[in-house]
Amino acid sequence: TVVQATPFTELMDPVCEAYLYAASRAHTLRNVIKPVLNRGGIVVVDRSIFSSVSWQGFGRGLGKETILSINAHAVENIWPTTVVYLHGNLKEMMTRTFDAAGDKFEKFPQEFFMACEEGYEDISRDKRFASIWKSILANGTKEEVFQKILFALQQTD
Numbered sequence: 026t027v028v029q030a031t032p033f034t035e036l037m038d039p040v041c042e043a044y045l046y047a048a049s050r051a052h053t054l055r056n057v058i059k060p061v062l063n064r065g066g067i068v069v070v071d072r073s074i075f076s077s078v079s080w081q082g083f084g085r086g087l088g089k090e091t092i093l094s095i096n097a098h099a100v101e102n103i104w105p106t107t108v109v110y111l112h113g114n115l116k117e118m119m120t121r122t123f124d125a126a127g128d129k130f131e132k133f134p135q136e137f138f139m140a141c142e143e144g145y146e147d148i149s150r151d152k153r154f155a156s157i158w159k160s161i162l163a164n165g166t167k168e169e170v171f172q173k174i175l176f177a178l179q180q181t182d
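Note that the sequence shown covers residues 26 to 182 in our numbering.
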């Protein structure tokens, strides 16, 4: 039997959304990431607390400090040591992320994504996080962007 996915139609309250992401982050950090780090491993993820700061803090209007506060216990001092922020022309970047059906965020208006982009830029200027932040202009092919990432990761501050 094939089960068809039901399209997402409910708009979740931003505060509820922020706490759900924080809860998921707490679980993943403690049960997946921390054990790998404790064994001396390296973890590469595509989302972090900074995603929530940008998306819920700026995009959903809750504010940076609110999201940092909500996540304070969730992260339990397990912070990224390096953040690679891929940025570029918003319209071009959006064509790279959208799939045929899209998810609930992909259906949001362009203003939402502009606010999220503002959030990432704000984080990049925050003295608390500047030392771990690597901004990469993500124009070009996948291979060109990959080479930019490798180059940025090889640079020491």
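Any given hint could be a false lead.
With a Cα cut of at most 27 Å, we get these calculated BS3-like pairs of lysine-lysine [stated by the list, open to error]:
| id | residue 1 | residue 2 |
| --- | --- | --- |
| 1 | Lys89 | Lys132 |
| 2 | Lys167 | Lys152 |
| 3 | Lys132 | Lys59 |
| 4 | Lys132 | Lys116 |
| 5 | Lys116 | Lys167 |
| 6 | Lys159 | Lys173 |
| 7 | Lys59 | Lys116 |
| 8 | Lys116 | Lys159 |
| 9 | Lys89 | Lys59 |
| 10 | Lys152 | Lys59 |
| 11 | Lys167 | Lys89 |
| 12 | Lys152 | Lys132 |
Hints in this document: simulated from the structure, not taken from any laboratory.
Only a predicted model underlies this, so the values are computations on that prediction, with no experimental measurement involved.
Hint check results:
no., hint, in the structure
1, Lys89 <-> Lys132, "holds, 23 Å"
2, Lys167 <-> Lys152, "violated, 30 Å"
3, Lys132 <-> Lys59, "violated, 34 Å"
4, Lys132 <-> Lys116, "holds, 14 Å"
5, Lys116 <-> Lys167, "holds, 17 Å"
6, Lys159 <-> Lys173, "holds, 10 Å"
7, Lys59 <-> Lys116, "violated, 36 Å"
8, Lys116 <-> Lys159, "holds, 22 Å"
9, Lys89 <-> Lys59, "holds, 25 Å"
10, Lys152 <-> Lys59, "holds, 25 Å"
11, Lys167 <-> Lys89, "violated, 31 Å"
12, Lys152 <-> Lys132, "violated, 33 Å"
This entry does not satisfy hints 2, 3, 7, 11 and 12, going by the numbered hints stated previously.
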